[in-house]
Amino acid sequence: MSERESCFRELLGRNHARWRGIARCYAKDGDRDDLIQEIMMQIWKNLDRFESRSSIDTWAYRVALNTALAWDRTSKKRAKKLNTDATDVNRLVGDSRDSSIERRVLDEFLTSLSKTDRAVMLLFLDDVPNADAAEITGMTEGALRVRLHRIRNKFEATYCEGEVSDDV
Amino acid sequence: MMFDDLRSSWQEANDKPLSFKEREQLVTKVCRRVERLSGSFVQRDVIETIAAVVVILAFLPLFSRPDIYVAKLGAAIIIGSAGFIIYKMHHTRTITKRPRLDAPLREFCEVEIERLDRQIALSRSVLSWYIAPLIIGVNLVYSGIAGFGAASRNYCIVTLLLAAAIYWWNQRAVTKSLLPVKNELTNLLDDMNQSN
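Top to bottom, those sequences are chains A and B. Numbering follows my numbering, in which position 109 of the first sequence is assigned residue number 92; successive positions increment by one, without gaps. Position in the second sequence counted from 1, then plus 126, gives you my numbering.
One chain only, chain A, in its complex shape (with noise of 0.2 Å):
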């Protein structure tokens, strides 16, 4: 087995829940899957790029979301090319069979935000340390935590009825 595999295995063995994560914010049910394999390809192809100045998992997290989002630029056309209904928001993330509400509504609030704030939302999700998320988007850390505070608001006041948190 060569070196870039066994390492390529490894990042795989740990991140792949994050990359599954990145692909239910950025794809739609059925694509998925081409998502989750675009990633892991692209991660692949520029294994031999990374220069150990962050941890790899950090830079396989900013491969991961910088495919996920040219992918999603990408979809607009694959969707109209098959017809499908690329215009009802509910239906480009969230998993149609999952029953759980909190899912359903967390999704939900996912297509609500907008590219960049969805992005933030996911690295806060995924439980990325902030200097590890100001690194993937390439926002200062400040701008990361003031954006989280403005998406944690937004949350609070649509789903938990005046609840509203003021810690930043």
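Think of the hints as simulated: they come from the structure by calculation, not from any bench. Where is the CB? At the ideal position from N, CA and C, for every residue including glycine. A portion of the hints provided could be inaccurate.
When the alpha-carbon atoms are kept at most 20 Å apart in a straight line, the in silico SDA-like pairs for lysine to any residue are as follows [claimed, not checked]:
1) B:Lys155 to A:Thr141
2) B:Lys155 to A:Asn29
3) B:Lys302 to A:Asp55
4) B:Lys147 to A:Arg(-8)
5) B:Lys142 to A:Ala0
6) B:Lys155 to A:Leu(-5)
7) B:Lys155 to A:Cys(-10)
8) B:Lys147 to A:Trp54
Here are the simulated distance ranges between beta carbons [unchecked claim]:
9) B:Leu183 to A:Cys(-10): 46 to 56 Å
10) A:Thr94 to B:Phe210: 40 to 50 Å
11) A:Asp12 to B:Ala277: 54 to 64 Å
12) B:Arg162 to A:Cys(-10): 13 to 23 Å
13) B:Arg133 to A:Ser35: 41 to 51 Å
14) B:Phe210 to A:Arg36: 35 to 45 Å
15) A:Ser97 to B:Ala184: 50 to 60 Å
Chain A is fixed; fit chain B onto it per the hints.
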């Protein structure tokens, strides 16, 4: 439901451990896709080169025929422009860096916008570097051989219509494909800049 509870719900939903077999299958699939993709890039370069060689070989024999100076001039323009088109496309592909996928999101957007700008400029100027030299060349070749009669006039009209269609198709690609992506990336970048 509290905001902080979303984290555990999200992680629980996504955290389905892969079995050894699933992992092996995924790795195999990825390896195959990478192989297929690298093959298709080589294929595109080969097709472009073959097309250029075919054009050159098709028009080169005209230079051995006497007394068709206008056709020879047209053939020279076609051969020159075929070479230039290959150079221009290859050059644009190599100098226009694709954004590094491992770049921070902001940098990724900036480089992608720059790349799209180059592609848009290339498509908008397609008349000068692609369509015009070829249309002028083929019309000179045709008129040089068939003479400047009605047939040449009709040929000219047909090639001009073809040129208009190619030009229209390129401009449509800019409006329908490239500009929407560029606008979306610009909005994403603006959105990120607002909070910094």
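Hints, one by one, checked against the model:
1. Simply put, Lys155 (chain B) and Thr141 (chain A) have alpha-carbon atoms about 42 Å apart, too far for the 20 Å limit, and the pair is violated.
2. For the hint linking Lys155 (chain B) to Asn29 (chain A), the alpha-carbon distance of about 16 Å falls within 20 Å, and the restraint holds.
3. Restraint check: the Cα-Cα separation between Lys302 (chain B) and Asp55 (chain A) comes to about 16 Å, which is no more than 20 Å; the hinted pair holds.
4. At roughly 12 Å between alpha-carbon atoms, Lys147 (chain B) and Arg(-8) (chain A) fall within 20 Å of each other, so this suggested pair holds.
5. For the hint linking Lys142 (chain B) to Ala0 (chain A), the alpha-carbon distance of about 7 Å falls within 20 Å, and the restraint holds.
6. Distance check on the hinted pair: Lys155 (chain B) and Leu(-5) (chain A) sit about 13 Å apart at the alpha-carbon level, within 20 Å; holds.
7. Of the pairs offered as hints, the one joining Lys155 (chain B) and Cys(-10) (chain A) holds, with about 16 Å between alpha carbons and a cut-off of 20 Å not exceeded.
8. About 27 Å separates the Cα atoms of Lys147 (chain B) and Trp54 (chain A), which puts this hinted pair outside 20 Å; it is violated.
9. Under the hint 46 to 56 Å, the C-beta atoms of Leu183 (chain B) and Cys(-10) (chain A), about 48 Å apart, fit the expected range.
10. Hint check: Thr94 (chain A) to Phe210 (chain B), Cβ distance near 48 Å, so the stated range 40 to 50 Å holds.
11. Distance hint for Asp12 (chain A) and Ala277 (chain B): a CB-CB separation of about 59 Å, consistent with the stated range 54 to 64 Å.
12. The supplied range of 13 to 23 Å is met by Arg162 (chain B) and Cys(-10) (chain A), whose beta-carbon atoms lie about 22 Å from each other.
13. Taking 41 to 51 Å as the suggested C-beta distance range, the pair Arg133 (chain B) and Ser35 (chain A) does not conform, at roughly 29 Å.
14. Between Phe210 (chain B) and Arg36 (chain A) the CB atoms are about 41 Å apart, so this pair conforms to the stated range of 35 to 45 Å.
15. At roughly 53 Å, the beta-carbon separation of Ser97 (chain A) and Ala184 (chain B) lies within the given 50 to 60 Å, and the hint holds.
When each numbered hint is compared with the structure, violations occur for hints 1, 8, 13.
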